[in-house]
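Chains as they are written, first to last, in the working numbering: chain A, 71 to 326; chain B, 71 to 326.
If you're looking for bench data, these hints aren't it; they were derived computationally from the structure. By construction, the Cβ of each residue, glycine as well, lies at the ideal position given by its N, Cα and C atoms. Hints may be right or wrong, so weigh each one.
Claimed, not checked - Output of the computed footprint for chain B on chain A, the stretches with three or more beta carbons under 8 Å from beta carbons of chain B:
# : stretch
1 : 193-202
2 : 259-269
3 : 302-316
Stated by the list, open to error - Calculated pairs, DSBU-like style, for lysine-lysine (alpha carbon to alpha carbon, straight line, at most 35 Å):
#  : chain 1 : residue 1 : chain 2 : residue 2
4  : A       : K179      : B       : K281
5  : B       : K238      : A       : K97
6  : A       : K238      : B       : K97
7  : A       : K171      : B       : K224
8  : B       : K281      : A       : K97
9  : B       : K296      : B       : K238
10 : A       : K193      : B       : K97
11 : A       : K281      : B       : K224
12 : A       : K224      : B       : K224
13 : B       : K224      : A       : K97
14 : B       : K97       : A       : K97
15 : A       : K296      : A       : K179
16 : B       : K281      : B       : K131
17 : B       : K131      : A       : K131
18 : B       : K97       : A       : K281
19 : B       : K296      : A       : K97
20 : B       : K131      : A       : K97
21 : B       : K97       : A       : K224
22 : A       : K281      : B       : K179
23 : B       : K171      : A       : K281
24 : B       : K97       : A       : K131
25 : B       : K281      : A       : K193
Protein chains: 2
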Amino acid sequence: MNEQVSAALVLIGNEILSGRTQDANLKYIAESLGAVGIVLLEARVIPDAQDTIVSTLRELKTRFDYVFTTGGIGPTHDDITSQCVAIAVDQPLELHPVAFKNMRAHFQKRSVDFNEARQRMAKTPRGATLIESAASIAPGYIADNIIVMAGVPKIMQHMLTDVIPTLKHGRITISRQLHTNLPEGVLAQPLSDLQARYPQVGIGSYPQTVKEGFHVILVTRSTDAKALDQLDNELRDMVTAVGGQHDSQTRPMVTS
Amino acid sequence: MNEQVSAALVLIGNEILSGRTQDANLKYIAESLGAVGIVLLEARVIPDAQDTIVSTLRELKTRFDYVFTTGGIGPTHDDITSQCVAIAVDQPLELHPVAFKNMRAHFQKRSVDFNEARQRMAKTPRGATLIESAASIAPGYIADNIIVMAGVPKIMQHMLTDVIPTLKHGRITISRQLHTNLPEGVLAQPLSDLQARYPQVGIGSYPQTVKEGFHVILVTRSTDAKALDQLDNELRDMVTAVGGQHDSQTRPMVTS
């Protein structure tokens, strides 16, 4: 068991940066990785531009255990992820024999022309490992420590489900939250003192606009469940001591 | 009028990376900037970690006209954005006299203790320009070309509205979209030919899962309205020529 396995996520595509579409992948990927102890430490949204994709992948692949990408593996001219990954891992881009065979059979069976554009989707950097996924005929794959997935959420989700069991997992970070009716200005000093005493726990303070003004949600995260329990009790006592109320009910959150 | 004004966005905070909260700021900021010709070219989500924040800001501030940040300007121990911006712009972090005066008056009026934690929110890098915003007593500000805003969406939106008129604007990119019932494998080659003939237009192809399988949305983006009109006609003709149907109705999109 690895203490911590780290990951970065690269969302490739102009459509999120232009504001045309709301990203629907980051949260899902973060939660899925977190559930097996792979910690997402950075996410980037970058355009369909070869220089940017290559330099981003080169930088992140040395800094993190895994780099996940979404988007840009379809058959059209703006799908340039695979050629960029090939450059980043310093391998030629070539037809993957298994992917090619599967795709040819798939299209033949449906009497669909396996044309040049569709064959492009069978290209991977040399030595890549396919992610088998029934959700899409165009396979995702792993090249070095880069995991290449589709951008369409449903297909991405199938690929992620398929690939996660093949990756190394780490210790799982547990998270608790406590809602309070106090403003951050009152909580700040006692929170800072508690954070100093619990260095193994990350304490986050998230103000949320509610009808009455602001509430604050205190989130604690750690791989150490015992420390979380102790801190949870101390947080409740602290909130009461500074004149507030709390509850630990989990509510849906929308603010950042 | 500047031809193109570029921007990067840095979303600071552990809560998006952990998957606990869905980002609610990127799309709003991208659309708001796009409306005045400021083009968002990269977005990053990074944790509340000083080294990462400083190195990210230092890199992006040299690459783009503006760098926008959200999050980490509250009074608690995990709010470290301002100290990081100060390092990135090479200025001391100090009490901003106007912010301090406004905040002191605000809290005195409400008989609320203007304690040390709250005073922290009045600190900016030396020489920063405040963003006046009625939505929050803790001001956002501009330091060099870095625009520092709150993470809570409602407050961020007020700050963005206030700051945008003070920034340089560029030529506005216009966007059109055309829905088709064709798969990308059929569209790929003619699209590639059209893209080669319209280098001043970005053509994006976005498959969307629908009940019947996949539809494709063709998105064109350019500052050249005339070229967009011409291309739009050619795209319709092309879709018809390869046996498909199209419409140009704008529909809400959720996929990436």
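Hint check:
no.	hint	in the structure
1	193-202	violated (count 0)
2	259-269	holds (count 4)
3	302-316	violated (count 0)
4	A:K179 to B:K281	holds (21 Å)
5	B:K238 to A:K97	holds (33 Å)
6	A:K238 to B:K97	holds (33 Å)
7	A:K171 to B:K224	violated (52 Å)
8	B:K281 to A:K97	holds (24 Å)
9	B:K296 to B:K238	holds (25 Å)
10	A:K193 to B:K97	holds (32 Å)
11	A:K281 to B:K224	holds (13 Å)
12	A:K224 to B:K224	holds (30 Å)
13	B:K224 to A:K97	holds (21 Å)
14	B:K97 to A:K97	holds (15 Å)
15	A:K296 to A:K179	violated (57 Å)
16	B:K281 to B:K131	violated (44 Å)
17	B:K131 to A:K131	holds (23 Å)
18	B:K97 to A:K281	holds (25 Å)
19	B:K296 to A:K97	violated (39 Å)
20	B:K131 to A:K97	holds (27 Å)
21	B:K97 to A:K224	holds (21 Å)
22	A:K281 to B:K179	holds (21 Å)
23	B:K171 to A:K281	holds (28 Å)
24	B:K97 to A:K131	holds (27 Å)
25	B:K281 to A:K193	holds (28 Å)
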